[in-house]
Amino acid sequence: MSLQVVTANRLDDGLAVFMTADEGWSTDIRQAICAGDAEQAEALLARANTQKQQITVVGPYLIDVANEDGVLVPIKYREILRTLGPSVRPDLGYQAG
Amino acid sequence: MAIVKNDSVIENDWVALDDEALVPESGANVLVSLARFKAERDALIARNGGLGVLLVPGDAPEDLADDIDRFSLIAVKFPSYTDGRGYSYGRVLREHYGYQGELRAVGDVLRDQILNMHRCGFDAYELADEADVALEKVRAALREMTVYYQPTGDGRVTAGSLRERRRAALELGGS
Amino acid sequence: MYRYDDFDRQLVAERTTQFRDQVARRLSGELTEDQFKPLRLMNGVYLQLHAYMLRIAVPYGTMNGNQMRMLGHIARTYDKGYGHFTTRQNIQFNWPKLNEIPDALEDLATVEMHAIQTSGNCIRNTTTDQYAGAAADEIEDPRPYCELIRQWSTFHPEFTYLPRKFKIAVTGSPNDRAAVRVHDIGLRMHKNDAGETGFEVIVGGGLGRTPFVGKTVRDFIGKNDLFSYLEAILRVYNRFGRRDNKYKARIKILVHEVGVEEISRLVEEEWAKIKDGSLRVSDDEIAQYIAQFAPPAFEELRDNDPEFERRKQAHPDFAAWVRSNVIAHKQPGYAIANISLKPIGGIPGDATAEQMELVGDLADQYSFGDVRVTHEQNLVLPHVKKAELFALWAELKNAGLATANLGFVTDIIACPGLDYCALATARSIPLSQRISERFGDLDRQYDIGELKIKISGCINACGHHHVGHIGILGLDKRGKEFYQITLGGDASQDASIGKIAGAGFSEAEVVDAIEALITRYIDIRNVGERFIDTYRRVGMDPFKEVLYGDR
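Chains as they are written, first to last, in the UniProt record's numbering: chain A, 1 to 97; chain B, 1 to 175; chain C, 1 to 551.
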């Protein structure tokens, strides 16, 4: 199976975020902690689903990612869009820099 | 768990019987399912003690119509707060059949639905909270809105009828 | 136009406070996301791919200049400088922060606006003809009844947790511009044998996964009885609509499964119990609402304005815009001006803060402060003097708002699709942009004639593809976007659901496929036939042939 990271939307501003090693959340997928197998992935998801996390993020879930030259890139196009922003508005979202 | 009615927390003096449980001979107030009421109607209304029925979604409140004055409690179950059938049951019981007894919302009863329940004829709410928290939630919910567009059996005055009154007063004043 | 009184204002103020408190309870953890979600949805707050989305209600698509300018302010202050007008005559913003939404709602309340019931399993915004009160062909202005429906449905305590969402549309004209046959309830005004005006009641239409054209449960209901009749329908639906499967929960499935005769029987039985109750609306009360929507102070004008004719001669661009975007008004010397939000290659339905503010000003200057949103994602200034059309057009042109394509092939309905929407399976906007660019040439568009292309980015059909003359449905096939084409849909009084042409096309192929369909139509059409007329005459085969050949 492929590598996985946990993503969610931040509760207060709704932005797409990725869980980091210290159970915090980053808007940059490159900061995400990565699971190599199903067991690790489930453990990560459990850490994202605690009561405390529920007042930080909404709806955490696992996504498949690939490590491309040391950079984590989602497999599904939907998730790639979430790391960039709307394809029709390159001036908006994370892609705008 | 606490039941709030008429701005206070009340004791639950009803025994909820499941369909196999023995009916106590007399005295105790019993709450039975609609199915059991239909099956054992004559025996249930003959006994001494209060009679209540629990309606669950899918039940027909019409089945209580002929005996409506015999009940002193009708409890309506909201298995999940997003299942809104109980609101219609409340209005049908109060407004079509003139039910006067206690109408109690049970199940997934949350603060943000209580005002709607109240407007549909409910007067008692069973919440999963401690007594004082439950009372505060019901109070907060019932004072959240003061303007109502729809006439329902709760008797609250609608914006439409207030406008009507205002117009009538203006016309009187003007003539 | 309806103006709030103190009751309406109080209600919106209380709702704003209530929602601020709900947000605070969510942020503090008192409410779980599961408990909060239906509450936020009922106030128009979604969580999308990139951020929250706030949908603001535009009741029956009618606004005044102040309200339109306020939308510009919201776009600028709480969003990223733009908004998106929707197929339900509302507007949505794509980037608001949850903790700022209560402030946005407070600003909106100052101009009598809100986000009440723009989502959730409740009665949604009532929609109607965007030309109401101006159209030459209407029997009666439907807006007084829409306003009464708005009030009846706002915070209806019994119908806040329905099996699924519920949409009502009203038309006052025999030429249905409100798509009433594809709504949960469609109301069509007409006159009965006694000459009274009332409504045909159509139930169970809808798009989504299982599209249906609605069925008539009652041919005529009088105006006084409309509201008790609606309440009877909703009570039957609330009690008997399916709740076991979200995709089978709309009233159309109930109508389909138990039959329109049985629904009609249940509704009539319920109605008999409540028809003489307090929902009966008196003639006096109706008259009050009709007075609220009285026509503006039109001047007595000759219908033909020589200056207007001269301008058309001198400016072919203006003449083209008049031909495509300007429609006959019932008052001599006036016209209805449509503002296209479909610039060639642009994002359908999007408008910037500056454009919204400008349209608000133009509404005040040229249209008695009246501006409308259409279900085809355009705007309308309904009451413009013909003599002032040229000045209006010049201002619109400067702002990129004078595209002369209303009803033509580039006037495409598209949902936000995968660029924004968490439910989407494919993108819609880029496809609409490429079709628009392919057919951007105006002469070519005029040669093709009326052609409605509608694109949805998933099976939920927010882009109305089922009722597009050409419909396009975006799907996901093994991680790649692909697009299914339907032909022969129609949302008008001759409503029909489109048929799937065959296998889908990749993103790279689909624009060519659309062009092949249009070329075939041009080859085989009779004089005066629109695309939909030709399709109805010749059927699917000639079109299938160009799409698939021997495949």
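The hints are simulated quantities; they were obtained by calculation from the structure and are not laboratory data. All values reported here derive from a predicted model rather than from experimental measurement. Careful, some of the hints might be misleading.
[What the hints assert, rightly or not] No farther apart than 25 Å at their CA atoms in a straight line, the calculated lysine-lysine pairs in the DSS-like style are these: (1) C:Lys37 to C:Lys223; (2) C:Lys312 to C:Lys248; (3) C:Lys37 to B:Lys137; (4) C:Lys477 to A:Lys76; (5) C:Lys215 to C:Lys167; (6) A:Lys52 to C:Lys480; (7) C:Lys312 to C:Lys37; (8) C:Lys248 to C:Lys191; (9) B:Lys137 to A:Lys52; (10) C:Lys215 to C:Lys37; (11) A:Lys52 to C:Lys97; (12) C:Lys480 to A:Lys76; (13) C:Lys477 to C:Lys167; (14) C:Lys37 to C:Lys97.
Outcome of the hint check:
Taking the CA atoms of Lys37 (chain C) and Lys223 (chain C), the gap is about 37 Å. The hint is violated against a cut of 25 Å. Straight-line distance between C-alpha atoms of Lys312 (chain C) and Lys248 (chain C) comes to about 53 Å, which puts the hinted pair past the 25 Å bound. For the suggested pair Lys37 (chain C) and Lys137 (chain B), the alpha carbons sit about 19 Å apart, so the restraint of at most 25 Å is met. Straight-line distance between C-alpha atoms of Lys477 (chain C) and Lys76 (chain A) comes to about 12 Å, which keeps the hinted pair within the 25 Å bound.
Distance hint between Lys215 (chain C) and Lys167 (chain C) is fulfilled; the C-alpha atoms sit about 15 Å from each other, no more than 25 Å. For the hint pairing Lys52 (chain A) with Lys480 (chain C), the CA-to-CA distance comes to about 37 Å; that exceeds 25 Å, so the pair is violated. Simply put, Lys312 (chain C) and Lys37 (chain C) have alpha-carbon atoms about 53 Å apart, too far for the 25 Å limit, and the pair is violated. Proximity of Lys248 (chain C) to Lys191 (chain C) is assessed by CA-CA distance (about 35 Å); at most 25 Å being required, the pair is judged violated.
Of the pairs offered as hints, the one joining Lys137 (chain B) and Lys52 (chain A) holds, with about 24 Å between alpha carbons and a cut-off of 25 Å not exceeded. In summary, the hint linking Lys215 (chain C) to Lys37 (chain C) is not supported, as the alpha carbons are separated by about 33 Å, beyond the 25 Å threshold. A C-alpha spacing of about 20 Å is found between Lys52 (chain A) and Lys97 (chain C), which places the hinted pair at or below 25 Å, so the restraint holds. For the hint pairing Lys480 (chain C) with Lys76 (chain A), the CA-to-CA distance comes to about 9 Å; that is within 25 Å, so the pair holds.
For the hint pairing Lys477 (chain C) with Lys167 (chain C), the CA-to-CA distance comes to about 31 Å; that exceeds 25 Å, so the pair is violated. Taken as a hint, the Lys37 (chain C) and Lys97 (chain C) pair is honoured in the structure, with Cα atoms around 15 Å apart against an allowance of 25 Å.
Hints 1, 2, 6, 7, 8, 10, 13, counting from the list given before, are not met by this structure.
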